[in-house]
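J.: Top to bottom, those sequences are chains F and R. If you're matching positions, the first sequence starts at 1 in the numbering used here and goes up one per residue. If you're matching positions, the second sequence starts at 1 in the numbering used here and goes up one per residue.
Calculated directly from the structure, the hints in this document are not laboratory data. Warning: the hint list may mix true and false statements.
What the hints assert, rightly or not - Computed list of lysine-lysine pairs in DSS-like fashion (alpha-carbon distance at most 27 Å, straight line):
| id | chain 1 | residue 1 | chain 2 | residue 2 |
| --- | --- | --- | --- | --- |
| 1 | F | 269 | R | 162 |
| 2 | R | 177 | R | 310 |
| 3 | R | 257 | R | 177 |
| 4 | R | 302 | F | 25 |
| 5 | F | 25 | R | 30 |
Quantities reported herein were computed from a predicted structural model and do not represent experimental measurements.
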Amino acid sequence: MGIRTTVVGSYPKPPEEGGQFVLRKTIHALDRGEADADDLRRAQDELVREVIAEQEAAGIDVVTDGQVRWDDIVTPFARRMAGFEIGGLLRFFDNNVYYRRPICTGPVEWRGPMSVDDWKAASEAASVPVKAVLPGPVTFAHLSIDEHYGDHETFTLALAEVLAQEAFELQAAGCATVQFDEPALLGAPEDLDLAKRAYGILTRDLEGAASIVATYFGSAKRLGRGLFDLPVDGFGLDLVAGAENEELLPELPSTMRLQAGIVDARNTKLEDTDELARRIASLAATVGEERLSVSPSCGLEFLPREKARAKLGRLVEAARKVEGR
Amino acid sequence: MSVPELQGPGLWTTSVGSLPKPDYILEARKRRARGEIDGDELRALERKATREWIEFQNSLPTDVVVDGEIYRGDMVAFFAEELPGLEIGGLVRSYGNRYYRKPIAVGPVGRDHAVTVEWWEYAQSLTDRPVKGMLTGPYTICDWSFNEHYATRRDLVLDLAKVIRDEALDLERAGAKFIQIDEPAASTRMDELDLVIEAMQIVTEPLSAHTITHICYGDFHNAYPKMLEIPVDQIDLEFANSDYSLLEAFAEHPFTKYIGLGVVDVHHHAVEPVEEIAAGIRRTLEHIPPERVFVDPDCGLKTRKVDEAKGKLANIRAAVDLVKAEL
Numbered sequence: 001m002g003i004r005t006t007v008v009g010s011y012p013k014p015p016e017e018g019g020q021f022v023l024r025k026t027i028h029a030l031d032r033g034e035a036d037a038d039d040l041r042r043a044q045d046e047l048v049r050e051v052i053a054e055q056e057a058a059g060i061d062v063v064t065d066g067q068v069r070w071d072d073i074v075t076p077f078a079r080r081m082a083g084f085e086i087g088g089l090l091r092f093f094d095n096n097v098y099y100r101r102p103i104c105t106g107p108v109e110w111r112g113p114m115s116v117d118d119w120k121a122a123s124e125a126a127s128v129p130v131k132a133v134l135p136g137p138v139t140f141a142h143l144s145i146d147e148h149y150g151d152h153e154t155f156t157l158a159l160a161e162v163l164a165q166e167a168f169e170l171q172a173a174g175c176a177t178v179q180f181d182e183p184a185l186l187g188a189p190e191d192l193d194l195a196k197r198a199y200g201i202l203t204r205d206l207e208g209a210a211s212i213v214a215t216y217f218g219s220a221k222r223l224g225r226g227l228f229d230l231p232v233d234g235f236g237l238d239l240v241a242g243a244e245n246e247e248l249l250p251e252l253p254s255t256m257r258l259q260a261g262i263v264d265a266r267n268t269k270l271e272d273t274d275e276l277a278r279r280i281a282s283l284a285a286t287v288g289e290e291r292l293s294v295s296p297s298c299g300l301e302f303l304p305r306e307k308a309r310a311k312l313g314r315l316v317e318a319a320r321k322v323e324g325r
Numbered sequence: 001m002s003v004p005e006l007q008g009p010g011l012w013t014t015s016v017g018s019l020p021k022p023d024y025i026l027e028a029r030k031r032r033a034r035g036e037i038d039g040d041e042l043r044a045l046e047r048k049a050t051r052e053w054i055e056f057q058n059s060l061p062t063d064v065v066v067d068g069e070i071y072r073g074d075m076v077a078f079f080a081e082e083l084p085g086l087e088i089g090g091l092v093r094s095y096g097n098r099y100y101r102k103p104i105a106v107g108p109v110g111r112d113h114a115v116t117v118e119w120w121e122y123a124q125s126l127t128d129r130p131v132k133g134m135l136t137g138p139y140t141i142c143d144w145s146f147n148e149h150y151a152t153r154r155d156l157v158l159d160l161a162k163v164i165r166d167e168a169l170d171l172e173r174a175g176a177k178f179i180q181i182d183e184p185a186a187s188t189r190m191d192e193l194d195l196v197i198e199a200m201q202i203v204t205e206p207l208s209a210h211t212i213t214h215i216c217y218g219d220f221h222n223a224y225p226k227m228l229e230i231p232v233d234q235i236d237l238e239f240a241n242s243d244y245s246l247l248e249a250f251a252e253h254p255f256t257k258y259i260g261l262g263v264v265d266v267h268h269h270a271v272e273p274v275e276e277i278a279a280g281i282r283r284t285l286e287h288i289p290p291e292r293v294f295v296d297p298d299c300g301l302k303t304r305k306v307d308e309a310k311g312k313l314a315n316i317r318a319a320v321d322l323v324k325a326e327l
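Generate coordinates for the entire structure from the input sequences, incorporating the hints supplied.
T.: This is the structure in structure tokens:
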């Protein structure tokens, strides 16, 4: 059993230099009324196959569909569940990337699968396991405007119920790992107890699939070891933007998995493979190889395509060096 | 504080910076990228489009004119193309279906020639009203670039600050009375607001022009009132996009500078009605006196169609005239 490699979620949509950017052209054509929903679906399907093949070729063990159908982690779900309208643009954490803010105007309700068909399509395209990614309820609430519940806890727990149903459907479809993205939790230590309750709801009926809470863009220091009280199977930590997350690792309960983000997914400077290998060996010594996955620090969409691919290549190379030692 | 040299009781109109590129420019840029036309041909068309936008602003009239940045790909890439130490990188997404080439700092950043002065001089030659000198701030250039050279973000920001200061001084020597140093990224990280302030101090310290910074799409409510420490005369902010929610913060901590008041949403196709814009201006005047208010769109208008942008600017003019008549 070697050290597993995975990704956090998103993958660059643009092609490498000189390639045809079919998805962008198709969306432009759609905006002008010169393409339809089927054209868009075909362009997205094609790009999903391409980014999965690229992750597999790099040697990644557990891949995602690159979220190439999404603009961000919340609006695809806000558009498909009941209770939301879509509002104005806001910066996505500390990135030069913007998302449209969901506005909750009525009770949030699960109306049907929101991501299951996409996961199935990705799974069919892949020869390795495909991880499903859902927005975590705490982050979902923080990225939205609540005009209906008037109470952050009630809103968050209502979102947890909807997302729990979605996670259950993903599990029923055969998905073995569901990752919940919680970057906003890092800045909201006051929500830790609420998060525990929300994840109690989310994992209530998840018996077949592993649940991972992924944090990124920063340090979990303000949460401390309390983060590990969430009733899930593992955690993703960003060891680039939050180097001090390393100090938390000895506290990780022995039953839990670690997804360690060690390659900077927000800067083009390529990591040295030997340094990465030393880092991985040190992580393996702390938490044990069998509990460790290594990944980029966050979604790869912040990088140009060729840099993302080069970084995955180095991650895998470093992990194999450690296995072969 | 540098008081603007303008006539009248305030409520002056202006623009944030960029204006839409007409179709013939979009087409010419593509042809230039394919090597079908040369730089001089593209430049001649860019001068034509710039002249058309100045003529439009003269016709309204707009009180403080912009050159429209027709010749800039985007506000950071333009400087990255011109400054040694920065390179244009690969395509990354900014939102929705919009992408940009994100620059990379690959070596020490410097400046071997003035990069905006010639365009400013050309624009100023076409109007009797003042034309703003338009620069991108050091913090934003750093924040919107990859860094493969500098050990820390601060090192990169402070080197960029010296470069932008030198460019601002060149604009001032050329005659610019208004110099805008955009820092849309300033509201990104509260723990780096001090760095934004330190860098802006380097840029504006030797200037006597009326200095402005534009900040957008961020966490204003945390950045305010601290952002008032940014050493500029005027801060330009978006109000339409957030339904004037910042005014509540002004009620608690008075806004002490000149304000650039963004009154139309730059991401909506629809042109806001005059009365809606006027209502926003009236609400603002409850907090800031008219002699401290410049009225403009929320942000650069380059993402809108030419006609949409003209409609929005014309309605801003009409709304300002309506409110001024009530003063």
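J.: Now tell me if each hint is right for this structure.
T.: Here is how each hint holds up against the structure:
1. Our distance criterion of 27 Å between C-alpha atoms is met by residue 269 (chain F) and residue 162 (chain R), whose separation comes to about 25 Å.
2. Annotation: proposed proximity of residue 177 (chain R) to residue 310 (chain R) holds, straight-line Cα distance about 25 Å (limit 27 Å).
3. As the CA atoms of residue 257 (chain R) and residue 177 (chain R) are separated by approximately 17 Å, the hinted pair is consistent with the 27 Å bound.
4. With a C-alpha separation of about 19 Å, the suggested pair residue 302 (chain R) and residue 25 (chain F) falls inside the 27 Å cut-off, and the hint holds.
5. Of the supplied pair hints, the one linking residue 25 (chain F) and residue 30 (chain R) holds, its CA atoms being roughly 15 Å apart against a limit of 27 Å.
Against the hints set out earlier in the document, no violation occurs for any number.
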